[in-house]
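Residue numbers (the working numbering), protein chains in the order written: chain A, 1 to 823; chain B, 1 to 164.
Since the hints were made in silico from the structure, they are not lab data. Model, not experiment: these values are computed from the prediction. Just so you know, even glycine gets a beta-carbon here, dropped at the ideal spot from N, CA and C. Possibly wrong hints are sitting among the right ones.
Unchecked claim - Each pair of labels, with its calculated beta carbon distance range: (1) B:Lys164 <-> A:Lys206: 50 to 58 angstroms; (2) A:Lys129 <-> B:Glu36: 33 to 41 angstroms; (3) A:Ser781 <-> B:Glu159: 57 to 65 angstroms.
Stated by the list, open to error - Here are the simulated lysine-lysine pairs, PhoX-like style, with alpha carbons at most 20 angstroms apart: (4) A:Lys639 <-> B:Lys133; (5) A:Lys111 <-> A:Lys375; (6) B:Lys7 <-> A:Lys699; (7) A:Lys301 <-> A:Lys379; (8) A:Lys298 <-> A:Lys379; (9) B:Lys7 <-> A:Lys111; (10) A:Lys429 <-> A:Lys699; (11) A:Lys379 <-> A:Lys769; (12) A:Lys768 <-> A:Lys375; (13) A:Lys601 <-> A:Lys455; (14) A:Lys298 <-> A:Lys455; (15) A:Lys111 <-> B:Lys28.
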Amino acid sequence: MSAEKKRFEVVGQPRRRVDGRGKTTGQARFADDLSLPRMAHCKLLRSPHPHAVIESIDCSRAREYPGVHLVLTGKDFPVPFGIMPVSLDEYALAPERVRHVGDPLAAVIAKDEVTALEAIELIDVRYRKLQTISDPAEALARPEPRIHDYGEQGNIHRNQSYEFGDVEEALARSDYVFEDTFFYQGNTHLPMEQQASLASIEGDGKLLLQTSTQNPHYLHRQLARVLQVPASQVRVIATQNGGGFGGKCDPANHEMVVSKAAMILGRPVKICLTREEVFYQHRGRHPVLMKFRTGVSKDGKLTGMHLQTLLDGGGYGSHGPASTFYTGVLTPVTYELPRFKFEACRVFTNKPPCGPKRGHGTPQPRFGQEVQLDKIAEKLGIDPAELRLGIVTKENALTANWLKVGSTGLAECIRQVVERSGWKEKHRKLPEGRGVGLAASTYMCGAGVSIYWNKMPHSGVQLLLDRSGQVTVLCGATEIGQGSDDVLAAIVAEVLGIGTAEVRVLTGDTGLTPVDLGSYSSRVTVMMGNAALQAATRLREQIAAAAAEKLETLPERVILSRGKVFAAENAAKTMSFIEAVTAAETKFGTLGAVGSYAPPKAPGKYKGAGVGPSPAYSFTACVVEAEVDPKTGWITVPKIWVAHDIGRSINPVHVRGQVIGGVYMGLGEALMEEQAFRRLPEKLSSALVHKIPSMLEYKSLTALDMPEVDVAIVEYPDPNCPFGAKEAGQGPLLPVMPAVANAIYDAVGVRIDEVPITPDKVLAALEKKAKGETPRVGPESFPAVPYPAPTFVLPPWEGGDGDELKGPDGKPVRRTQKEVAAA
Amino acid sequence: MNAPAPKNVHLVLRVNGEPQEVSFASYKTLLEVLREEMNLTGTKHGCELGECGACAVLVDGAPVLSCLALALECEGREIETVEGLASGTKLHPLQAAFADCGGSQCGYCTSGMLMTAKALLEREPNPSRERIKEAISGNICRCTGYNQIVEAIEQAAAEIRNSK
Chain A
1 MSAEKKRFEV VGQPRRRVDG RGKTTGQARF ADDLSLPRMA HCKLLRSPHP HAVIESIDCS
61 RAREYPGVHL VLTGKDFPVP FGIMPVSLDE YALAPERVRH VGDPLAAVIA KDEVTALEAI
121 ELIDVRYRKL QTISDPAEAL ARPEPRIHDY GEQGNIHRNQ SYEFGDVEEA LARSDYVFED
181 TFFYQGNTHL PMEQQASLAS IEGDGKLLLQ TSTQNPHYLH RQLARVLQVP ASQVRVIATQ
241 NGGGFGGKCD PANHEMVVSK AAMILGRPVK ICLTREEVFY QHRGRHPVLM KFRTGVSKDG
301 KLTGMHLQTL LDGGGYGSHG PASTFYTGVL TPVTYELPRF KFEACRVFTN KPPCGPKRGH
361 GTPQPRFGQE VQLDKIAEKL GIDPAELRLG IVTKENALTA NWLKVGSTGL AECIRQVVER
421 SGWKEKHRKL PEGRGVGLAA STYMCGAGVS IYWNKMPHSG VQLLLDRSGQ VTVLCGATEI
481 GQGSDDVLAA IVAEVLGIGT AEVRVLTGDT GLTPVDLGSY SSRVTVMMGN AALQAATRLR
541 EQIAAAAAEK LETLPERVIL SRGKVFAAEN AAKTMSFIEA VTAAETKFGT LGAVGSYAPP
601 KAPGKYKGAG VGPSPAYSFT ACVVEAEVDP KTGWITVPKI WVAHDIGRSI NPVHVRGQVI
661 GGVYMGLGEA LMEEQAFRRL PEKLSSALVH KIPSMLEYKS LTALDMPEVD VAIVEYPDPN
721 CPFGAKEAGQ GPLLPVMPAV ANAIYDAVGV RIDEVPITPD KVLAALEKKA KGETPRVGPE
781 SFPAVPYPAP TFVLPPWEGG DGDELKGPDG KPVRRTQKEV AAA
Chain B
1 MNAPAPKNVH LVLRVNGEPQ EVSFASYKTL LEVLREEMNL TGTKHGCELG ECGACAVLVD
61 GAPVLSCLAL ALECEGREIE TVEGLASGTK LHPLQAAFAD CGGSQCGYCT SGMLMTAKAL
121 LEREPNPSRE RIKEAISGNI CRCTGYNQIV EAIEQAAAEI RNSK
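Build the full structure now, drawing on both the sequences and the hints.
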């Protein structure tokens, strides 16, 4: 950009978000707020069994029930779908097999919800129950019956192994090797809005689906596939999302069902899931068992790590292949790790499918590594903050697994939370029952590759501008509450020298807006933002060229600022923004510009190197203070300090909001949130059911439980990001759980190596401590998982080229640094 | 099929100060009648079981979970919803503060929060932070972590006090 303004006028300024007014007046329209003339209502029949063959479905009584318009079953949906091309394992309605309690197998569309519910009861299904696979141990032990007939083998969905340098050699020459197992329980997003969808046929004869989705583009593709119609005949509008957190990323059964029903009936069809159904839709945090073997030198440097993970995937693939990678691939980004071996396995079980939840796969290993580092620091007699400061990754470094770190403010984040929390005066110094814990983390700012393979942009933005002075920006990005509409408006406004109030934002509509891949993987600010920056810069050039003629100056000397357009050398040579736009429209004709963005190519070349690369990484550090009542095990968290390297804040009010919101969700996961299951009594079928599918029983923090969060916004702008801005939506959650665990250890000297950390676990550990046993609660062992032979890749500093090593026969081989040097 | 006999009750509800005739099945909750019969969709639902607070409205000035209240029982009472908060185009101080302080992210819990906070400030114009947290402890928010909601209510309380 020419004639740079000295200071940002919009970016970095606290302001009311563009959608703030509509959300406080009740005008923001969520999917269930919509209604259309002649609208019918849909309800789904869901399986009461965790695993069964559908022998027959008789819908005749339901079809005849007064007020019923249509009954659909699996026969109506011959084409499977899934968010990932390698896991197209779902049907809108299960045709032959149900795989978890809550799996939908039939749908009734009726004049109202009550009638649909009554008719659902009239569908007769004959099930043949199959062996339930309830957890990963059982999934490994019982290859039969297979929950799916694809995957690695038996009930193993994904199984992988990577080794970056000879880890055993590194561990053998380490001063210490720490071996720890951890368990991270699954939990769910619990968005306040229950998913809802309204399908209709528009006046032009095309299908319109208005739905609570984070990813209208991927949904659009999958809808066209399942309905077997050209995508050009389908329009998806992502309505306002009442919270997403990853739970509205997958294309969902109910979206397919109402779309098909609207096409058959020629009238609008709506569904709104009940809260119980939202728990069955799930796609939440995978339960993960982890084993860390970490080599350390006496001075507190990491020498190598062997990480093994085992994920409980539930009944379908969902984002599982990516989730499996994410339980390891970002581990070397936070701290310098010369060698890294990562083995991961995801199994199918007969529970609601797990998928992406805020942090996607990363909170689990983050918990393990940060708690283990606390143990390491104690053993080495090094302050946990100092230990971390000694090993943080450096700016522009490559990691052992070939990820490129861009800007990093992690050291500054650690220093900030240490200073602000009074860490040095508190750690190991507070009275018994009170303690502080510290942890740090990294997160990506957008996945480097799309979910389906293509070389097209990840985000596109179109800008329209006319003599009215109104700027309209269109982008497929999806507002899920995180403030993406405001980021979009702010970037455009900054470039054009106007305020966000002058920008009209239209997003998340596949019928109008350029493709953006969606609100996931913390990609929106960076990818949409870069596309918006490009489009706005192009438009700015036209305005500057036209204004330069009027102002009798050079285009590169034209400044756009605060609604004025003027010459840099003489502020008296000025015109209003509208006058400048009018001049541009006169000179160039109708004005408009597009911009697009695709992430840079990643340095890794090995198969699998596509998961983990990102244009930039955000960094977070956190100190938690905790009080533990030794009589009850009750944990109180009076205060949390967090510092987050956002690169640059586009709107600091909402950066802070994202940070506190992430801390809140992390604290809930640390202390109480739990997607737990139980067996029904034998007389009631022994089915494996969700223990607590309600908001009352699924415990989450209330305003009374939530501590004050002190937020330090740290800004290390990244050159790959718009104005240097990185992500804040997911990263700040990550260090909270381990910081809580470490604070509890500081308070009462017990290690709870699993989350949630509930009072009963603390009491059990305290009892062990009183008896002189190891004061720890956590997994005792890690099962024998048949991981494959590793793909072996040399780290950058050992002479690797980013590709895997292969023998003359093309098969993977494993070589030490010495052997490579000799060869 | 014979035409079914009408089962609806027919009465006048006073919502946001305006009397309105409505007709609905007697078992309908206030939430359902507001949203489905009166098209006042600003009031949300997150569970329809009285667990989340998203559907809170004021009935005679007190916060009520509209998913648990029968609309029938609200005849002759003053019902206030989020749609009635602003004066003309001017936002209520609570609305302005929520928008300015980051008190609303996805916006789904916002209506219930605003109504609950309004009831609090009418009872206690200068509540302590603890009192604010107690008042909204039945309203679940999954986005904000509550800090900025509490700050917004404090800011609005000060604004209302100063304007008097």
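Checklist entry - Taking 20 angstroms as the top limit, are the C-alpha atoms of A:Lys111 and B:Lys28 close enough? => result holds, 16 angstroms
Checklist entry - Between A:Lys298 and A:Lys455, does the CA-CA distance stay at or below 20 angstroms? => result violated, 47 angstroms
Checklist entry - Quick one, are A:Lys601 and A:Lys455 close enough, alpha carbons at most 20 angstroms? => result holds, 11 angstroms
Next on the checklist: For a C-alpha distance cap of 20 angstroms, please report whether B:Lys7 and A:Lys111 respect it.
Outcome noted: holds, 16 angstroms
Next on the checklist: Holds or violated: B:Lys7 and A:Lys699, Cα atoms, limit 20 angstroms.
Outcome noted: Since the Cα atoms of B:Lys7 and A:Lys699 sit roughly 40 angstroms apart, the hinted pair is violated (cutoff 20 angstroms).
Next on the checklist: Holds or violated: A:Lys111 and A:Lys375, Cα atoms, limit 20 angstroms.
Outcome noted: violated, 61 angstroms
Next on the checklist: Between the alpha carbons of A:Lys301 and A:Lys379, is the straight-line distance 20 angstroms or under?
Outcome noted: holds, 13 angstroms
Item to check | Given pair status - B:Lys133, A:Lys639, alpha carbons within 20 angstroms | outcome: holds, 15 angstroms
Next on the checklist: Just to be careful, I want the Cα atoms of A:Lys429 and A:Lys699 compared with a cutoff of 20 angstroms; is the pair within it?
Outcome noted: violated, 32 angstroms
Checklist entry - Is 33 to 41 angstroms a correct range for the gap between the Cβ atoms of A:Lys129 and B:Glu36? => result Cβ of A:Lys129 to Cβ of B:Glu36: about 39 angstroms, so the range 33 to 41 angstroms holds.
Next on the checklist: Verify the CB-CB distance for A:Ser781 and B:Glu159 against the hinted window 57 to 65 angstroms.
Outcome noted: holds, 59 angstroms
Checklist entry - Under the criterion that the straight-line Cα-Cα distance not exceed 20 angstroms, is the pair A:Lys298, A:Lys379 satisfied? => result holds, 10 angstroms
Violated hints for the displayed structure, listed by number in ascending order: 5, 6, 10, 14.
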